[in-house]
Structures are given as structure tokens and as C-alpha cells.
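Fit chain D to the given chain S structure using the hints.
Those protein sequence lines, which keep their order, are chains S and D.
Residue numbering for the first sequence follows our numbering, starting at 1 and increasing by one per position.
Residue numbering for the second sequence follows our numbering, starting at 1 and increasing by one per position.
Among these hints, one or two may not hold up.
The calculated label-pair distances, taken between Cβ atoms and stated as ranges, are [said to hold, decoys possible]: (1) S/Thr22 <-> D/Glu22: 47 to 53 Å; (2) S/Ala73 <-> D/Thr168: 25 to 31 Å; (3) D/Arg124 <-> S/Gly64: 31 to 37 Å; (4) D/Leu11 <-> S/Ala67: 42 to 48 Å; (5) S/Glu23 <-> D/Arg132: 20 to 26 Å; (6) D/Gly163 <-> S/Leu74: 19 to 25 Å; (7) D/Gln18 <-> S/Asn2: 56 to 62 Å.
These are calculated hints, taken from the structure and not from any lab test.
Beta carbons: idealized from backbone N, C-alpha and C, even for Gly.
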Amino acid sequence: MNCQEFWDRMPELSNQLLRDETEHVEACPDCSRVLQRQRTLENGMRHLSAELQSLQAPPRVEAGLTAAFRAQALRREAIPPRTVWMPLFAGIAAAVLMAIGLFLMRDRPAQPVHRRTAPAVELAGAPGQTYLTVNDVAADNDGFIPLPNAEQIAPDENVNVVRVEVPRSAMLAVGLTVSADQGSELVEADVKMGSNGLARAVRFLNE
Amino acid sequence: MTLRQPDADHLLFLRLRQRDEEAFVTLYRRRQAPIFRFALHMSGSATVAEDVTQEVFMTLLREECGFDPERGTVSGYLFGIARKLVLRHLERGRPDVALDTESDEGGSPELAITDDPLAELTHREGIEALRRAVVTLPRRYREVVVLCDLEEIDYAEAAVALGCPIGTVRSRLHRARALLLEKLDKDRGQGLPLSRLKPVRCEI
Numbered sequence: 001m002n003c004q005e006f007w008d009r010m011p012e013l014s015n016q017l018l019r020d021e022t023e024h025v026e027a028c029p030d031c032s033r034v035l036q037r038q039r040t041l042e043n044g045m046r047h048l049s050a051e052l053q054s055l056q057a058p059p060r061v062e063a064g065l066t067a068a069f070r071a072q073a074l075r076r077e078a079i080p081p082r083t084v085w086m087p088l089f090a091g092i093a094a095a096v097l098m099a100i101g102l103f104l105m106r107d108r109p110a111q112p113v114h115r116r117t118a119p120a121v122e123l124a125g126a127p128g129q130t131y132l133t134v135n136d137v138a139a140d141n142d143g144f145i146p147l148p149n150a151e152q153i154a155p156d157e158n159v160n161v162v163r164v165e166v167p168r169s170a171m172l173a174v175g176l177t178v179s180a181d182q183g184s185e186l187v188e189a190d191v192k193m194g195s196n197g198l199a200r201a202v203r204f205l206n207e
Numbered sequence: 001m002t003l004r005q006p007d008a009d010h011l012l013f014l015r016l017r018q019r020d021e022e023a024f025v026t027l028y029r030r031r032q033a034p035i036f037r038f039a040l041h042m043s044g045s046a047t048v049a050e051d052v053t054q055e056v057f058m059t060l061l062r063e064e065c066g067f068d069p070e071r072g073t074v075s076g077y078l079f080g081i082a083r084k085l086v087l088r089h090l091e092r093g094r095p096d097v098a099l100d101t102e103s104d105e106g107g108s109p110e111l112a113i114t115d116d117p118l119a120e121l122t123h124r125e126g127i128e129a130l131r132r133a134v135v136t137l138p139r140r141y142r143e144v145v146v147l148c149d150l151e152e153i154d155y156a157e158a159a160v161a162l163g164c165p166i167g168t169v170r171s172r173l174h175r176a177r178a179l180l181l182e183k184l185d186k187d188r189g190q191g192l193p194l195s196r197l198k199p200v201r202c203e204i
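Just chain S, with the same shape it has in the complex (with noise of 0.2 Å):
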């Protein structure tokens, strides 16, 4: 070992060297002072210390302390915990929604039974619901409904039926209601056809 190595190790942080350290010491009288020198000054910090040891914060500091640990301990009393509060926000927040629901119900005019377009396809099964049938839209005779934005049939016009299969959700367009778990069903359905091409109505045979 030589002394960058010795030095390295920074002995003078260690109360005991190691043997091959020890060794190095015994050897080389440079390090051997340097290392006496440390010692000292570590001596002479232990004295340093032990002559610094009766500061210490005035006693207004405690007093001080002590008020606030008081104060904050009164606060906390005025104040429930967290776990009282939370629960009662809670149910606030839900009286008040409950309020504001019952408030909406009441005031909400009739909805008609009858209409010509679906708004949307309503729940299976919900309270209140109103299922429409063939009956209730403006069918013709055989049953066939125009379908919306398509030209009126001519009394003398020739007109051709296809029959097809489409899914239920279909009955929507001509303002028949669809329950939403049936939605996708495929029901048969009567299109007639104008001399044009195009559809102009629909009966749905298995609804």
C-alpha cells in the first residue's frame, strides 16, 4: 500500500485502522504524523463540542411552541374530524339532488302518444312506457306505411312488393317503437316499391 492508497481510505474516519493499514503507519513516518495530526484535531473538535454543549434555544422558544401546540389542539377540537364531515356532505349532496329530481318530475308536461317519428329507442320494460303499434301510425289498408320523405303512390301507378329482412331497428324509421334488447332482430318486411325504383312504404310482417 502507499500512501495515496492509505489516504484513500480515509483512515482518520475510522477508529481502528486495518492490519495492512496499520502496517502502512508503522512504515512511513509522513503518514504517520499526518495521521497523529488528525487525531488531534479530532481531540480538539471533542473539546469544541463539549464546550458548545450548553447553548441551546432561549426558553421563549418552548413557550412559544408550547402556545401552538395549544391553539392547534383547541382547533381541532372545534372542528369535527374529517370522518364527521364526509358522510354528511354525502347526504346533503344526495337530499339535494333528490329535490331537484322530484322538482323536474312534477313540472314535466304529458309526452303524446302517438307521433309520427321515434326520438329514440325506449328502455324494455321502463315504467310509464308506451309501445306503438301498426295500429297507431298512419297505415294503409294493407298495412303498409309510407315511409318518411318518400313520394306518395299514384292510385294508378304499378308498384312492385319485395320482401326482405331487416332488423327491427328498422321500425324506428316509420315511428314504431323497439324495445333496446331487440334492437338488432331481424323481423320481415313488405317494401313496396314505386315505378321509379324506390321505396316508398313498409309493412313488417312478424313485429
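For chain D alone, kept in the frame of chain S given last:
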């Protein structure tokens, strides 16, 4: 994983969280003096040291004080807060002692041995010279000397307080002591400062 056994400070801390005033006062009395001295050495001002001590313990009263027993002791945590407060004070441009000369004065002449100038370090004047040397150390060396040599906390605790690895604490302390020797040598008008001595490869 082994859980650290709560020491006396930690138990007091747990009690004070339950609003036990006696625990708070006891913890304060156990720890205020080292915190005050640390702040005093670092700031050079008794007023600042007083303010820092008060603020450190006020932190303990806060709901979210941030003490994590897994990271270290209450003492290390308190020193860490004190250090941050002192640094904040120093950064405000009111260092009561101008200390932060971070240059370590490079240059490393080869090893030479002078007569022992430290023999009187245990006497009154020697201790006073040492105290002056400590307060004129660059900040990063001064704080490690104050913590490890003057307050005699262990390296692990100092590492928590300083927010650095233990190896850094050791190397800074090593360098700090070399700087102290150099300052003491200069005070006595000695020739070559010891800290600037570069060991020769003597191949022993």
C-alpha cells in the same frame, strides 16, 4: 424486510401526533439544543438559529409533516428541516458569516511535514481557533463537520439530514478536516498547509 424498532424520539413523535403535549415538550427538550447549535454554526446568527429551531418544531405540528420512519430517525429528519431552513436563509442573501467559497484551493504540492501546530487545540485559544476555522469552512463542508464532529451524529443520520449518500458524507468530512488543518496552519503562519500535501508514492 425488517422494520426499524421505534426509538425514544419516534415514540414521542407518535404520541405528539395524538396531541400529547407532554410528548411534544419532551421531544423538544431532547432535540432543541442540537438543532439550535447546528443552525447557529451554519448561519452564524443566534436570531436565525432561534427562528430555525422554532420553525423546525412547528413543522412537527403540521398534519402532513413528512416524517417517514422508514427513511431515518426523527433526529435526522429534524436536522434535515433545519438545514433547509438555514439554506433558505443563506440564499436570501443574509449570510451572517461569508462562508460559501466552494473552491477547495487546488494544487497539491508533495508531502512535507511541519512541526505540530495543533498541540494546543485542547486549550482555550486552540478551541477558539478551531471554532473560527469551522465557521469559515465552505457550507457543504461546514454542515458535515457540525453534524458529525460537533453534534456527533452517525454518518447514516447525517446522510438523511443532508440528503446524500453515506459515502458523500464521509468524503466531505475527509475533505473538511483537511481544510480545517490547512486553516489552522495558516492561522499560525506555518509554512505549507497540511491539506495541500499530496502524498508521494512511497511504495511501502
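Going through the hints against the structure:
1. S/Thr22 <-> D/Glu22: 47 to 53 Å: Holds, since S/Thr22 and D/Glu22 (Cβ atoms, about 51 Å apart) stay within the stated range.
2. S/Ala73 <-> D/Thr168: 25 to 31 Å: For S/Ala73 and D/Thr168 the Cβ distance comes to about 40 Å; the hint is violated.
3. D/Arg124 <-> S/Gly64: 31 to 37 Å: 35 Å, holds
4. D/Leu11 <-> S/Ala67: 42 to 48 Å: Violated, since D/Leu11 and S/Ala67 (Cβ atoms, about 24 Å apart) do not stay within the stated range.
5. S/Glu23 <-> D/Arg132: 20 to 26 Å: 37 Å, violated
6. D/Gly163 <-> S/Leu74: 19 to 25 Å: Since D/Gly163 and S/Leu74 have Cβ atoms about 35 Å apart, the given range 19 to 25 Å is violated.
7. D/Gln18 <-> S/Asn2: 56 to 62 Å: 59 Å, holds
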